Amino acid sequence: MTRPIVYQAASLCLSYPDDEVLGLAGVIRGALAESAPRAAGGFAPLLDWWAATPVAEVRRTYVDVFDLSKRHALYLSYWTDGDTRRRGVVLADLKGRYRDAGFDLASTGELPDHLPLVLEFARHRPDEGAAILQEYRASLELIRIALEEARSAYAGVVAEVCATLPGRSPADRQQAMAMAAAGPPTEQVGLDPFDPRLLPLATTGGPR
0 MTRPIVYQAA SLCLSYPDDE VLGLAGVIRG ALAESAPRAA GGFAPLLDWW
50 AATPVAEVRR TYVDVFDLSK RHALYLSYWT DGDTRRRGVV LADLKGRYRD
100 AGFDLASTGE LPDHLPLVLE FARHRPDEGA AILQEYRASL ELIRIALEEA
150 RSAYAGVVAE VCATLPGRSP ADRQQAMAMA AAGPPTEQVG LDPFDPRLLP
200 LATTGGPR
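Numbering (numbering that gives the first Met the number 0), first residue to last: 0 to 207.
I should point out that these hints are in silico values taken from the structure, not numbers from a laboratory.
Because the structure is a prediction, the values reported are computed rather than measured.
Do not rely on the hints blindly, as some may be mistaken.
[Unchecked claim] What follows is a list of derived Cβ distance ranges for each label pair:
id, residue 1, residue 2, range
1, A32, A91, 37 to 43 Å
2, D126, D47, 28 to 34 Å
3, G29, G95, 33 to 39 Å
4, A55, A32, 17 to 23 Å
5, G40, G87, 34 to 40 Å
Ideal placement from N, C-alpha and C gives every residue a C-beta, glycine not left out.
Build the full structure now, drawing on both the sequences and the hints.
This is how it looks when you write it as structure tokens:
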């Protein structure tokens with residue numbers, strides 16, 4: 000049960016903190032303590048911050064971190080393909096994979112590479128979801144590192160998602176960029192490799 004619980008908790012924690020999401024803080028904490036205790040520590044800073052911070056500030060911070068700064072963009076293919084034509088192909092492929100798995104995107108209003116949406120899919124289909132997360136492991140790690148550099152309470156949540164995947168996380172941005180340029184990990188046999196020429200980080204130093 001560990002992976003689905005981590006994926007569900009992370010999906011909620013990385014979503015916009017509306018009343019419904021914030022109202023589930025205690026449920027998230029309890030579910031992690033019971034079913035994924037090793038991951039609970041990574042979520043604790045965010046859940047503690049939610050509890051100690053006015054709701055308006057929590058929401059303002061979320062918008063500042065994820066919506067107004069591309070340095071922490073939660074759209075996985077942005078980190079590998081940027082705003083290129085190839086990204087449209089990638090998004091269409093993800094939609095097809097969701098559809099084939101019986102996952103309905105109609106009511107979400109989000110692009111299929113939005114990390115909370117990918118995590119919600121992974122909650123229901125852990126193996127297929129983990130395969131997508133592993134395919135975009137470099138994107139995940141770059142988001143994690145950027146959040147850690149910003150000393151954001153959200154960093155631990157992304158770190159716990161990374162910890163569900165095989166292999167060690169890169170220690171720094173340079174290693175993560177090398178991972179991105181090298182293509183998907185060897186566990187993902189048969190997937191199209193990344194084209195390093197399309198990596199926005201490789202030429203601009205990262206989303207801003």
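Hints and how they fare:
no.	hint	in the structure
1	A32 <-> A91: 37 to 43 Å	40 Å, holds
2	D126 <-> D47: 28 to 34 Å	32 Å, holds
3	G29 <-> G95: 33 to 39 Å	36 Å, holds
4	A55 <-> A32: 17 to 23 Å	28 Å, violated
5	G40 <-> G87: 34 to 40 Å	39 Å, holds
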